[in-house]
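Go by the hints and put chains B, C and D onto chain A.
There are 4 protein chains.
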Amino acid sequence: MSSTFGNKIRISIFGQSHGEGLGVVIDGLPAGKALDLPQIEAFLDRRAPGRGGAASSARRESDRPRILSGLFEGKTCGAPLCAVFENEDARPGDYEKTRDLPRPGHADYPAFVKYRGANDYRGGGHFSARLTLPLCFAGAVCLQFLSEKGVSVGAHLLSAGAVSDRSFDPLMRDESELLLPQKRRIPVLDEEKAEAFEALFEKTAAAGDSVGGVIECCVLGLPVGLGEPMFDGLENRISSAVFAVPAVKGIEFGAGFEAAKRFGSEINDPYGFKDGKIITKTNRSGGILGGLSTGMPLLFRAAIKPTSSIALAQETVNLKTNEAQTLEIKGRHDVCIAPRAVPCIEAAAAIAIADLML
Amino acid sequence: MSSTFGNKIRISIFGQSHGEGLGVVIDGLPAGKALDLPQIEAFLDRRAPGRGGAASSARRESDRPRILSGLFEGKTCGAPLCAVFENEDARPGDYEKTRDLPRPGHADYPAFVKYRGANDYRGGGHFSARLTLPLCFAGAVCLQFLSEKGVSVGAHLLSAGAVSDRSFDPLMRDESELLLPQKRRIPVLDEEKAEAFEALFEKTAAAGDSVGGVIECCVLGLPVGLGEPMFDGLENRISSAVFAVPAVKGIEFGAGFEAAKRFGSEINDPYGFKDGKIITKTNRSGGILGGLSTGMPLLFRAAIKPTSSIALAQETVNLKTNEAQTLEIKGRHDVCIAPRAVPCIEAAAAIAIADLML
Amino acid sequence: MSSTFGNKIRISIFGQSHGEGLGVVIDGLPAGKALDLPQIEAFLDRRAPGRGGAASSARRESDRPRILSGLFEGKTCGAPLCAVFENEDARPGDYEKTRDLPRPGHADYPAFVKYRGANDYRGGGHFSARLTLPLCFAGAVCLQFLSEKGVSVGAHLLSAGAVSDRSFDPLMRDESELLLPQKRRIPVLDEEKAEAFEALFEKTAAAGDSVGGVIECCVLGLPVGLGEPMFDGLENRISSAVFAVPAVKGIEFGAGFEAAKRFGSEINDPYGFKDGKIITKTNRSGGILGGLSTGMPLLFRAAIKPTSSIALAQETVNLKTNEAQTLEIKGRHDVCIAPRAVPCIEAAAAIAIADLML
Amino acid sequence: MSSTFGNKIRISIFGQSHGEGLGVVIDGLPAGKALDLPQIEAFLDRRAPGRGGAASSARRESDRPRILSGLFEGKTCGAPLCAVFENEDARPGDYEKTRDLPRPGHADYPAFVKYRGANDYRGGGHFSARLTLPLCFAGAVCLQFLSEKGVSVGAHLLSAGAVSDRSFDPLMRDESELLLPQKRRIPVLDEEKAEAFEALFEKTAAAGDSVGGVIECCVLGLPVGLGEPMFDGLENRISSAVFAVPAVKGIEFGAGFEAAKRFGSEINDPYGFKDGKIITKTNRSGGILGGLSTGMPLLFRAAIKPTSSIALAQETVNLKTNEAQTLEIKGRHDVCIAPRAVPCIEAAAAIAIADLML
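Chains as they are written, first to last, in my numbering: chain A, 1 to 358; chain B, 1 to 358; chain C, 1 to 358; chain D, 1 to 358.
Bound conformation, chain A alone (with noise of 0.2 Å):
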């Protein structure tokens, strides 16, 4: 495993799904700002189960941070800053009859192989998404440090299955439509689009089955220039830390895989001035230039796949036995994860950007 990230700002994750605990150390960063609590816990609710309506897990959580170092009369003080979550409805029970049989779509048999059978199989153990609880506290430490230098960073989801929210507007110029989803239940743009997700969700609840989706994420405020290229650009770091949310099967910046359909003068965007500032007229880069920050919003997508615990009989191996057997998955699992993971994509985000910026 390597669930360690950063260069300037050190995040190390620790935990597994139905073990111990879990939690964040997070090494580096700058001293003397207040941390507020009750803030990065509203930001922990929005992954909590429960959220995403129905397309959401049934395992009950408080998911409150432990802080057992960094802080020092509610400041940083320098030291590395560590939290801790209990697991506290864990159910490891409920995996051990399918304990020799790798779910389709998870970790399960490729962790069995490298790990010679001694992975903790219970819900994915490390390999969990419960592990993008420290991720996002990682990530609300972080938002609030770049919240000092004028950055923000909202999410939301754009589409699942064949229901699409409408895009960000990417020259958009505050915070005013980046904000809007995290006061929804489902976290869209447009709320009338709220119900149609919530019909794709029942529906293929009802079916036994699940649903994949996209989000959209957008970063405002970033100085011009930051990024360093050519492995350390803005694409590759916050591709390194998005890809950590488990599901992530792709991701596109701006224009993304559109702009390979298109021809330059449609894609590239020209220059021109905007209240004595130099800008984009367009934004088909994402505010992404060579790995630099153009200064225009910074958008990217990311493409979740569906839950891969379904419901329906599945195929698989025994890995004892060596037979082929069927698979039918019991247990407390979302629906569509895409919800949810609108925090954790956010979060991933706001790793990469504060190990650049910080």
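Keep in mind that the hints are not guaranteed to be accurate.
What the hints assert, rightly or not - Cut-off 27 Å, straight-line C-alpha distance, at most; resulting in silico cross-link-like pairs (DSSO-like, lysine-lysine):
1. C/149 x B/8
2. D/274 x B/320
3. C/97 x D/274
4. D/281 x C/320
5. B/320 x A/274
6. B/8 x A/97
7. B/281 x A/330
8. B/75 x D/33
9. A/149 x D/149
10. C/281 x D/97
11. C/274 x D/97
12. C/33 x A/320
13. D/320 x A/149
14. B/274 x B/149
15. C/97 x D/277
16. D/8 x A/8
17. A/97 x B/281
18. B/33 x C/281
19. D/281 x C/330
20. D/8 x C/8
21. C/97 x C/320
22. A/75 x C/75
23. C/8 x B/149
24. D/277 x C/320
25. C/330 x B/8
26. C/75 x C/33
27. A/97 x C/33
28. A/97 x C/75
29. D/33 x A/8
30. B/320 x A/281
31. D/320 x C/320
32. A/277 x B/320
33. D/203 x D/8
34. B/274 x A/320
35. B/75 x D/97
36. A/75 x C/320
37. D/277 x B/320
38. A/281 x B/274
Read the hints as simulated data drawn from the structure, not as lab findings.
Note that the structure is predicted; figures quoted are calculated from it, not measured.
For chains B, C and D alone, kept in the frame of chain A given last:
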């Protein structure tokens, strides 16, 4: 800049498009391996200007590496391997007139701000696609080491504009199809499509425009369980390397963005047996689950935006006079960078995998 | 702060002397190894307050690790291992009165400046020797992995003030002498010297003073050729880890500073054979040539300065009033930190070597 | 090998003693700084063969850097800086006869085992002290950046064999004494001692032997609080860089090993004021407390073992025939490497500090 990549193998790339020379240091290679230089040069030739038919720039460079260190009696000797290339056909004067005019789509403007005007603006300096030459050298070296472990890497031009090649077979079992595109002037699988690509490139060139494309890449022969999640999983590391190739704006693994539109029952790959070994019967995961290789072909696609340098007039601003201005780019540019980017994407993948594997 | 160490194995240490708790995350350990917790606790006991005879502080902590992650069914499972310790006998009030008075020899003053007054000043915060507790935990874990590869590490108190133990035999061939000091109250080779050390500590304590010491450490069983020069050779990596132990002010390998006074003919180790294997007939190199292990015992010495906290009156300045002031330190302090630092040095060496070897 | 150093600035060194060429890539330097090349060359001249009086080798190299990248119009441009040196006076044939005979004191034997015989044995290959040439280049570049921040670095030959120079004044307040040794043929503070050193070197050379030495180094002008403990404190980072200089076998900061013999009341530095600023009245800490700079002169000493290549007959083994054999080393070797190592130690210190500071 941070043009250094890798943990076990450390690659450090240097040079500017129209500077003295460029090259790469590769530290951490196993000792005692005879390097096949003609094979490396053949690999470099695939990205050389002049390849890619009508798509390609007219700049002519011999692009032969001079190896300064790391080889002894023809074999790697444990010491860092350094290869240097001279810039022979540099024409820095081409860029003099437009020094103060950032070219839309290029890194010029954010680089100017970041380096406070001290950046080498000529042909993009260190941001130039010419820097993929040492990247390809490093990739070609890594490929030789990977080849000893039974791993091979191949890519092709999947699409450009509205023209498409067929896709790799995600269940392919040998190299026969993998290496096919390398033998062709336009690196495609389906030879009959070459003509349609050529026609697109010619028409686009005639219009003074450029066009984007998608490259599909496949890695065969990986052991099960390669990757170090959460942050050094296969997707994190490959994307981190691939975004070092200029013009890449998106990456997706397996079903990628398509997975976001589908149900779990359509995307999960059922397990089964083939020749006594565990396989997945489909391969929508692209050979990666939880950041780990499954043993199936690893498949990803990279979106390449249209070449930013186009002959058509574009709006820009003068960084000295702070006035709006029209820019017409002369010089020697690829109509579509994607064909020549094919070996670059292979190189990036090879580097990422070698760093996890050697 | 940068309390993260390692490339293959990544160790992240957190905590403050009088904070909530402290601990360590160890990422990258091989999976499937049963941890011997009693052995780890026995190792921790060697650094516990109360050891080292008269030299030791009166602070009483049980120092039992709570393992939050990384173990499954008693074995390492591939996921990061996190161990947490509670601070049970913290007395932060002891430090209130002297908050504005930097203690000579401690990090108080530069830490105050660096963190602009936000640092946790109580007992040195993250700079405290208490942070060697998680370091020792990490070292004890690494020792178990090294032990499987035939590598063992031992250290002893070579000297304190003017009192000296005898040195390790630089040609030692088995563990008999290596592990001797661990069984003693004062970790010395020559049992008869224990009394002289005790007498020194008692006299020093009575004088309200403290005293320094030298620790000699030996690593047995290394394969030939371990180390990655120029910058990750054995000396670079071991010193990099050893200077994380507070109060270390010097390190020397083999003949060390003595070598600087001698001729080449006295210092070069001649080669020969023993039992059919190539050996050096002497071992003034300390088992390291060119940063690589020679296969002979690896030997180094670390200089430990006297405990900075002494009862005697000292001159300091008031950081608030900017006035000169006299400081008298109350509290519970080791007269000589060196005896308790013996396992810390072993731990640091074990971590450095495990990171190169596993 | 791992010849890469640094986090903010990344230095990658390549080359072998008798190979094609050698050099260094420095990534992450601030842009827009005019490099003073004559000053860099003057620095390199201080380590050139022929310096150090009778102590020095007869190999003659012009050692002029060719800068391939990173400069534009004479200034750093943000891109990695690469400097290459040719090997002009290489005589690889000198080493042919003794190919199978590992030289006592050199890395030959462990390198042979590590690289399974593929290592470049000629003159030690990448292990050669010749590799300090690119190290010195990198150091000289860093020194120019440090100089802008008011930081300067100087070193001198403190002792060799039984001959000693006087020490730096640990409370020195300006550069007058710091830069004195650089102007002398033998880099000493006390000019009258030069003769005694010369006599020692001549006598030692006549005896076919070599001799070791101690280098003392001082860094002036550091801000208070530089360093990132626990693992990237000043001592960790400086030692990590200094042990890359071949033949270094020990390092101590401030009172160093002497501190281990003393009482706290003798070693703690009392605080006071000078010109309104907080100072320590003594400086036994060597300007470092808790891994952080105190603002006082940073002082350390490095022990250099005698040159391993001596003319006297030595015992070795034949790696091919597995027989004991006598070795007589011909060739051109420094009697005492310490005088020429003086700028190397300065360079190593400069690199470590620049990496923490820039």
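Outcome of the hint check:
1. Taken as a hint, the residue 149 of chain C and residue 8 of chain B pair is honoured in the structure, with Cα atoms around 21 Å apart against an allowance of 27 Å.
2. With a C-alpha separation of about 48 Å, the suggested pairing of residue 274 of chain D with residue 320 of chain B is violated against the 27 Å cut-off.
3. In summary, the hint linking residue 97 of chain C to residue 274 of chain D is supported, as the alpha carbons are separated by about 25 Å, within the 27 Å threshold.
4. With a C-alpha separation of about 20 Å, the suggested pairing of residue 281 of chain D with residue 320 of chain C holds against the 27 Å cut-off.
5. Pair hint residue 320 of chain B plus residue 274 of chain A holds up; C-alpha atoms about 17 Å apart against a cutoff of 27 Å.
6. Straight-line distance between C-alpha atoms of residue 8 of chain B and residue 97 of chain A comes to about 39 Å, which puts the hinted pair past the 27 Å bound.
7. Between residue 281 of chain B and residue 330 of chain A the alpha-carbon distance is near 23 Å, which keeps this suggested pair within the 27 Å criterion.
8. With a C-alpha separation of about 39 Å, the suggested pairing of residue 75 of chain B with residue 33 of chain D is violated against the 27 Å cut-off.
9. For the suggested pair residue 149 of chain A and residue 149 of chain D, the alpha carbons sit about 25 Å apart, so the restraint of at most 27 Å is met.
10. A hinted pair counts as satisfied when its Cα atoms are at most 27 Å apart, and residue 281 of chain C with residue 97 of chain D qualifies at roughly 24 Å.
11. The hinted pair formed by residue 274 of chain C and residue 97 of chain D meets the criterion: a straight-line CA distance of about 25 Å does not exceed 27 Å.
12. Between residue 33 of chain C and residue 320 of chain A the CA atoms are separated by roughly 21 Å; this keeps the pair inside 27 Å, and the hint holds.
13. Between the alpha carbons of residue 320 of chain D and residue 149 of chain A the distance comes to roughly 65 Å, so the proposed pair goes past 27 Å and is violated.
14. Of the supplied pair hints, the one linking residue 274 of chain B and residue 149 of chain B holds, its CA atoms being roughly 22 Å apart against a limit of 27 Å.
15. For the hint pairing residue 97 of chain C with residue 277 of chain D, the CA-to-CA distance comes to about 23 Å; that is within 27 Å, so the pair holds.
16. This hinted pair checks out: residue 8 of chain D and residue 8 of chain A have alpha carbons roughly 8 Å apart, not beyond 27 Å.
17. For the given pair, residue 97 of chain A sits about 24 Å from residue 281 of chain B by alpha-carbon distance, which is consistent with the 27 Å threshold.
18. A C-alpha spacing of about 33 Å is found between residue 33 of chain B and residue 281 of chain C, which places the hinted pair above 27 Å, so the restraint is violated.
19. For the suggested pair residue 281 of chain D and residue 330 of chain C, the alpha carbons sit about 23 Å apart, so the restraint of at most 27 Å is met.
20. Between residue 8 of chain D and residue 8 of chain C, the direct Cα distance comes to roughly 20 Å. Compliance with the 27 Å bound is thereby established for this hinted pair.
21. Between residue 97 of chain C and residue 320 of chain C the alpha-carbon distance is near 13 Å, which keeps this suggested pair within the 27 Å criterion.
22. Proximity of residue 75 of chain A to residue 75 of chain C is assessed by CA-CA distance (about 37 Å); at most 27 Å being required, the pair is judged violated.
23. Between residue 8 of chain C and residue 149 of chain B the CA atoms are separated by roughly 21 Å; this keeps the pair inside 27 Å, and the hint holds.
24. Only pairs whose Cα atoms come within 27 Å are accepted, and residue 277 of chain D paired with residue 320 of chain C is accepted, the gap being roughly 13 Å.
25. Of the pairs offered as hints, the one joining residue 330 of chain C and residue 8 of chain B is violated, with about 49 Å between alpha carbons and a cut-off of 27 Å exceeded.
26. Under the criterion of a C-alpha separation no larger than 27 Å, the hint pairing residue 75 of chain C with residue 33 of chain C is consistent with the structure, at around 5 Å.
27. Of the pairs offered as hints, the one joining residue 97 of chain A and residue 33 of chain C holds, with about 24 Å between alpha carbons and a cut-off of 27 Å not exceeded.
28. Distance check on the hinted pair: residue 97 of chain A and residue 75 of chain C sit about 21 Å apart at the alpha-carbon level, within 27 Å; holds.
29. For the suggested pair residue 33 of chain D and residue 8 of chain A, the alpha carbons sit about 23 Å apart, so the restraint of at most 27 Å is met.
30. Among the hinted pairs, residue 320 of chain B with residue 281 of chain A is consistent with the structure: their alpha-carbon atoms are about 20 Å apart, no more than 27 Å.
31. Of the supplied pair hints, the one linking residue 320 of chain D and residue 320 of chain C is violated, its CA atoms being roughly 71 Å apart against a limit of 27 Å.
32. Our distance criterion of 27 Å between C-alpha atoms is met by residue 277 of chain A and residue 320 of chain B, whose separation comes to about 13 Å.
33. Between residue 203 of chain D and residue 8 of chain D the CA atoms are separated by roughly 46 Å; this puts the pair beyond 27 Å, and the hint is violated.
34. Between residue 274 of chain B and residue 320 of chain A the alpha-carbon distance is near 17 Å, which keeps this suggested pair within the 27 Å criterion.
35. For the suggested pair residue 75 of chain B and residue 97 of chain D, the alpha carbons sit about 21 Å apart, so the restraint of at most 27 Å is met.
36. For the proposed pair residue 75 of chain A and residue 320 of chain C, the alpha carbon gap of about 20 Å is at most 27 Å, so the pair holds.
37. With a C-alpha separation of about 45 Å, the suggested pair residue 277 of chain D and residue 320 of chain B falls outside the 27 Å cut-off, and the hint is violated.
38. Under the criterion of a C-alpha separation no larger than 27 Å, the hint pairing residue 281 of chain A with residue 274 of chain B is inconsistent with the structure, at around 55 Å.
This entry does not satisfy hints 2, 6, 8, 13, 18, 22, 25, 31, 33, 37, 38, going by the numbered hints stated previously.
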